[in-house]
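*Asks:* Spelled out, the chains give:
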Amino acid sequence: GENVEQHPSTLSVQEGDSAVIKCTYSDSASNYFPWYKQELGKGPQLIIDIRSNVGEKKDQRIAVTLNKTAKHFSLHITETQPEDSAVYFCAASFTNAGKSTFGDGTTLTVKP
Amino acid sequence: NAGVTQTPKFQVLKTGQSMTLQCAQDMNHNSMYWYRQDPGMGLRLIYYSASEGTTDKGEVPNGYNVSRLNKREFSLRLESAAPSQTSVYFCASRGAQSTDTQYFGPGTRLTVL
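Chains as they are written, first to last, in my numbering: chain A, 1 to 112; chain B, 1 to 113.
Because the hints were derived from the structure by calculation, they are not lab data. On a predicted model such as this, the values are computed, not experimentally measured, just so you know. Keep in mind that a hint or two might mislead.
[To be verified] Computed cross-link-like contacts, DMTMM-like style, restricted to lysine to aspartate or glutamate with a CA-CA straight-line distance of at most 25 Å: (1) A:K22 - B:E52; (2) A:K37 - B:D38; (3) B:K57 - A:E2; (4) B:K14 - B:E52; (5) A:K71 - B:E73; (6) B:K9 - A:E39; (7) A:K22 - B:D26; (8) B:K57 - A:E5; (9) B:K57 - A:D17; (10) A:K22 - B:E79; (11) A:K37 - B:E52; (12) B:K9 - A:D104; (13) A:K71 - A:E15; (14) A:K68 - A:E39; (15) A:K57 - B:D38; (16) A:K22 - B:D56; (17) A:K37 - B:D26; (18) A:K22 - B:E73; (19) A:K68 - B:D38; (20) A:K37 - A:D17.
[To be verified] Ranges of calculated distance between the beta carbons of each label pair, as one might list FRET restraints: (21) B:N70 - A:S26: 34 to 44 Å; (22) A:N3 - B:N62: 19 to 29 Å; (23) A:K57 - B:L113: 43 to 53 Å; (24) A:T78 - B:K57: 33 to 43 Å; (25) A:P82 - B:D56: 33 to 43 Å; (26) B:N70 - A:K57: 18 to 28 Å; (27) A:G16 - B:N62: 27 to 37 Å; (28) A:Q81 - B:N62: 23 to 33 Å.
[Unchecked claim] One-sided and incomplete, this derived list gives chain A residues near chain B with beta-carbon spacing under 7 Å: (29) P8; (30) A29; (31) G43; (32) I48; (33) K99; (34) F102; (35) D104; (36) G105.
Just so it is clear, CB atoms sit at the ideal spot from N, CA and C, and this is done for glycine as well.
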């Protein structure tokens, strides 16, 4: 089955700096890669996703890049703010799989 | 629009007791999921239901059973709770396509003594 590895497990940055979280996946059939943000005491929420026919996607301060050849994808957050502090999860799935495989999560702390 | 709701929010059980976690979604989604989240281990899939009337095992199904009662509701049952089942449980739902967004409920924090 699919295996997703996520790094780093914890990340601390100063407000205004950029943060990068990386994930690798094992199944070359995977074609959908969402990123979720989980705030304390809440369920994960989708913040951005990318499909395998696209190399990069941006939404304001958040971007995701995908390298299908290397089987890795990354989340980039620019101009970080304290409210970006949360746990971030990557995931991978493929068409008709019915389920996604999640990384173990990255705890991001943005210091004011 | 309530999205995905879960009950209860918190529960404490003694070893050997049974209970059912309830989940409902109002988005007319086909697929529903149960995950458990333990510190440092991310989200692990327990069971899922790709459509009404079907259920499949995920990564960690032992000790659990599920019922897809109808399109809206998907319950998770612990027949004989064990301390190893202490965790936060999340229900999620998704539309018909694997590339549709998964929506998560607020979670149930379960402690087994």
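*Asks:* Please go over all the hints and tell whether each is borne out by the structure.
*Replies:* Results for each hint:
Of the pairs offered as hints, the one joining K22 (chain A) and E52 (chain B) is violated, with about 35 Å between alpha carbons and a cut-off of 25 Å exceeded. Restraint check: the Cα-Cα separation between K37 (chain A) and D38 (chain B) comes to about 16 Å, which is no more than 25 Å; the hinted pair holds. Taking the CA atoms of K57 (chain B) and E2 (chain A), the gap is near 15 Å; set against the 25 Å cutoff, the hint holds. About 32 Å separates the Cα atoms of K14 (chain B) and E52 (chain B), which puts this hinted pair outside 25 Å; it is violated.
In summary, the hint linking K71 (chain A) to E73 (chain B) is not supported, as the alpha carbons are separated by about 36 Å, beyond the 25 Å threshold. Of the supplied pair hints, the one linking K9 (chain B) and E39 (chain A) holds, its CA atoms being roughly 16 Å apart against a limit of 25 Å. Distance check on the hinted pair: K22 (chain A) and D26 (chain B) sit about 34 Å apart at the alpha-carbon level, beyond 25 Å; violated. For the given pair, K57 (chain B) sits about 22 Å from E5 (chain A) by alpha-carbon distance, which is consistent with the 25 Å threshold.
Using a Cα cut-off of 25 Å, the hinted pair K57 (chain B) and D17 (chain A) is violated, with the two alpha carbons roughly 42 Å apart. At roughly 39 Å between alpha-carbon atoms, K22 (chain A) and E79 (chain B) are farther apart than 25 Å, so this suggested pair is violated. For the hint pairing K37 (chain A) with E52 (chain B), the CA-to-CA distance comes to about 28 Å; that exceeds 25 Å, so the pair is violated. Distance check on the hinted pair: K9 (chain B) and D104 (chain A) sit about 23 Å apart at the alpha-carbon level, within 25 Å; holds.
For a cut-off of 25 Å, the pair hint linking K71 (chain A) to E15 (chain A) is broken: about 30 Å separates their Cα positions. For a cut-off of 25 Å, the pair hint linking K68 (chain A) to E39 (chain A) is broken: about 29 Å separates their Cα positions. At roughly 31 Å between alpha-carbon atoms, K57 (chain A) and D38 (chain B) are farther apart than 25 Å, so this suggested pair is violated. Only pairs whose Cα atoms come within 25 Å are accepted, and K22 (chain A) paired with D56 (chain B) is rejected, the gap being roughly 30 Å.
Distance hint between K37 (chain A) and D26 (chain B) is fulfilled; the C-alpha atoms sit about 22 Å from each other, no more than 25 Å. The hinted pair formed by K22 (chain A) and E73 (chain B) fails the criterion: a straight-line CA distance of about 35 Å is larger than 25 Å. Our distance criterion of 25 Å between C-alpha atoms is broken by K68 (chain A) and D38 (chain B), whose separation comes to about 30 Å. Distance hint between K37 (chain A) and D17 (chain A) is fulfilled; the C-alpha atoms sit about 18 Å from each other, no more than 25 Å.
About 36 Å separates the C-beta atoms of N70 (chain B) and S26 (chain A), a value consistent with the hinted range of 34 to 44 Å. One distance hint, 19 to 29 Å for the beta-carbon pair N3 (chain A) and N62 (chain B), holds here, with the actual separation near 20 Å. For K57 (chain A) and L113 (chain B), the hinted distance range of 43 to 53 Å is satisfied, since their beta carbons lie about 46 Å from each other. For T78 (chain A) paired with K57 (chain B), a C-beta distance near 41 Å keeps the hint of 33 to 43 Å intact.
Between P82 (chain A) and D56 (chain B) the CB atoms are about 41 Å apart, so this pair conforms to the stated range of 33 to 43 Å. Take N70 (chain B) and K57 (chain A): their Cβ atoms lie about 36 Å apart, and the range 18 to 28 Å is violated. A beta carbon spacing of about 47 Å between G16 (chain A) and N62 (chain B) contradicts the range 27 to 37 Å that was offered as a hint. The given range of 23 to 33 Å is broken by Q81 (chain A) and N62 (chain B), whose C-beta atoms sit roughly 42 Å from each other.
The beta carbon of P8 (chain A) comes no nearer than 13 Å to any beta carbon in chain B, farther than 7 Å, and the hint placing it at the interface is violated. Because the smallest distance between the Cβ of A29 (chain A) and any Cβ of chain B comes to about 11 Å, over 7 Å, the interface hint for this residue is violated. Given the 7 Å rule on beta carbons, the hint for G43 (chain A) holds: about 3 Å separates it from the nearest Cβ of chain B. Hint status for I48 (chain A) relative to chain B: violated, with the closest Cβ pair at about 11 Å, above 7 Å.
Annotation: K99 (chain A) was flagged as interfacial toward chain B, and the flag holds, the nearest CB pair being 5 Å apart, inside 7 Å. Because the smallest distance between the Cβ of F102 (chain A) and any Cβ of chain B comes to about 4 Å, under 7 Å, the interface hint for this residue holds. Because the smallest distance between the Cβ of D104 (chain A) and any Cβ of chain B comes to about 4 Å, under 7 Å, the interface hint for this residue holds. Satisfaction of the interface hint for G105 (chain A) is found here, the shortest Cβ-Cβ separation to chain B being roughly 5 Å, below the 7 Å cut-off.
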